[in-house]
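Residue-level listing of the chains:
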Amino acid sequence: MRRQKEKIKIHTVIIVKNLTKNFNGFKAVNDISFRVNKGEIFAFLGPNGAGKTTTIKMLTTLLLPTQGEIKINGFDPLKEQDQVRHSFGIVFQDQSLDDELTAWENLEFHGILYNLPKNLRHKRAKELLALVELWDKRQHLVKTFSGGMKRRLEIARGLLHHPKIFFLDEPTIGLDPQTRNKIWEYLKNLNLKEQITIFFTTQYIEEAEKVAQTVAIIDHGKIVAQGTPTKLKRQTRAKTLEKAFLIFTGHQIREEEATIADQLRLRRKIWRRR
Amino acid sequence: MTNVIYILWLRQIKRYLRSPSRIIGSLGQPILFLFALSFGFGPIFQKAGQGNYLEFLAPGVIAMSILFTSVFSGIEIIWDKQFGFLKETLVAPVSRFEIMLGRTLGGATVAVLQGLIVFTISLIAGFKPISSDGFFLSIIIMLLTAILFTALGTAIASVLDDIHGFQMIMNFLIMPLFFSFWSDVSFARLKWNFSSHYHD
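Residue numbers (our numbering), protein chains in the order written: chain A, 1 to 274; chain B, 1001 to 1200.
Treat the hints as calculated values from the structure; they're not laboratory data.
All values derive from a computational prediction rather than experimental measurement.
Any given hint could turn out to be false.
[What the hints assert, rightly or not] No more than 27 Å apart at the CA atoms, straight line, and that leaves these computed lysine-lysine pairs for DSSO-like:
(1) A:K38 <-> A:K143
(2) A:K17 <-> A:K38
(3) A:K193 <-> A:K222
(4) A:K150 <-> B:K1087
(5) A:K188 <-> B:K1014
(6) B:K1128 <-> A:K143
(7) B:K1087 <-> A:K38
(8) B:K1087 <-> A:K126
(9) B:K1087 <-> A:K164
(10) A:K243 <-> A:K123
Please take these sequences and the hints and turn them into a complete structure.
Have a look at this one:
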């Protein structure tokens, strides 16, 4: 029994069972379940308001679930908050750096909050700043940074305390394609080198397809499909993940872009499947 | 634990020192009171046999600037909520109590620094403290006042999301205190009125 438990701990770092969150009767997250394995890159794909951020908040101890069970690195966010908080790093959807401090000071602040000894803190900060190519700018105030630089610094900060799991809530939103690629380069690199599990949310289908090993499609608070991108495409007999998404959810990921043509195309697809 | 409190404290001091406009801007009101009132009432106060008006006025103005700075330091929490920085401290493995303590001490230190600047200005304006013992005692009182009102501001700010609402509530709470300071001043005027009557 004990051995089995340890085995689960090693292979599955996130377990979510029947997780639900109600906001005054509105089900933001509706009975979702999934598992994320160690070292995996897991994408949570869905449109705005699908419940992605709410899920991340519950996984990272910022929000209490209405119902359901969560295990992060073998710990329960409700009972073992501190252990859970030590286990993950996070990049929030909105920028969360202190603009009035320098890049280095932001990292120092983080390191002290996570109780890292000075030499370890400085060594790791140096290493990460070099990785995200901000070492030369370490003494600059964050308010002088561009959006891409801030994101990179946030990634460095989130990884400072050697987390097992790295949460990223729409890490590349609002960034140009070049910066986006660069950021994924760093993240994939870290994923390989340090076996960090990466859990990210996105509304870019091509991003999920390109980087994630497992994709969960979430819509209106429910997971409508999950699996490897290849599996999802096979399931729907679609050529691209974008089409698979359309078939699973019945709409385009950005609704304002969905036109009558899309709907017709969808109807045709459903007819063909019969 | 001390480390966490220290870094939260340090953050606030650094932010304060890096914002000269904030330092200078918040000195405007105390300077106005010190100079305008002492030029206006000073001679009358003296004529009435009450001594140096600045000795009466300066401690009140110092207390007032500490009161305002410390209570409004709660705004920084709302600010951090809006700019997202608060989340960074909330997901960290530290207790909420440590966060509050660090912030309160940081805000209180800033308020005392502000008070000391006003004190220096009042020295320039001609204020003469009675003794050095009294000076050190007054620093302790300044610190206690600052801690009390920063804690109050922090507590109220932590349950609010709206900067404007916070300002309204704080004004409502501060004004009675502020007026009690003013009533002392007007009481002195009243006293002068009475005494001058008797002299006539």
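Going through the hints against the structure:
Distance hint between A:K38 and A:K143 is unfulfilled; the C-alpha atoms sit about 36 Å from each other, more than 27 Å. Between A:K17 and A:K38, the direct Cα distance comes to roughly 18 Å. Compliance with the 27 Å bound is thereby established for this hinted pair. Restraint check: the Cα-Cα separation between A:K193 and A:K222 comes to about 33 Å, which exceeds 27 Å; the hinted pair is violated. Taking the CA atoms of A:K150 and B:K1087, the gap is near 16 Å; set against the 27 Å cutoff, the hint holds.
For the hint pairing A:K188 with B:K1014, the CA-to-CA distance comes to about 36 Å; that exceeds 27 Å, so the pair is violated. Taking the CA atoms of B:K1128 and A:K143, the gap is near 43 Å; set against the 27 Å cutoff, the hint is violated. Between B:K1087 and A:K38 the alpha-carbon distance is near 26 Å, which keeps this suggested pair within the 27 Å criterion. Simply put, B:K1087 and A:K126 have alpha-carbon atoms about 24 Å apart, close enough for the 27 Å limit, and the pair holds.
Note on B:K1087 and A:K164: the hinted pairing holds, with a Cα-Cα distance of about 20 Å set against a maximum of 27 Å. For the hint pairing A:K243 with A:K123, the CA-to-CA distance comes to about 46 Å; that exceeds 27 Å, so the pair is violated.
Violated hints, listed in ascending order, are 1, 3, 5, 6 and 10; each of the other numbered hints is respected by the structure.
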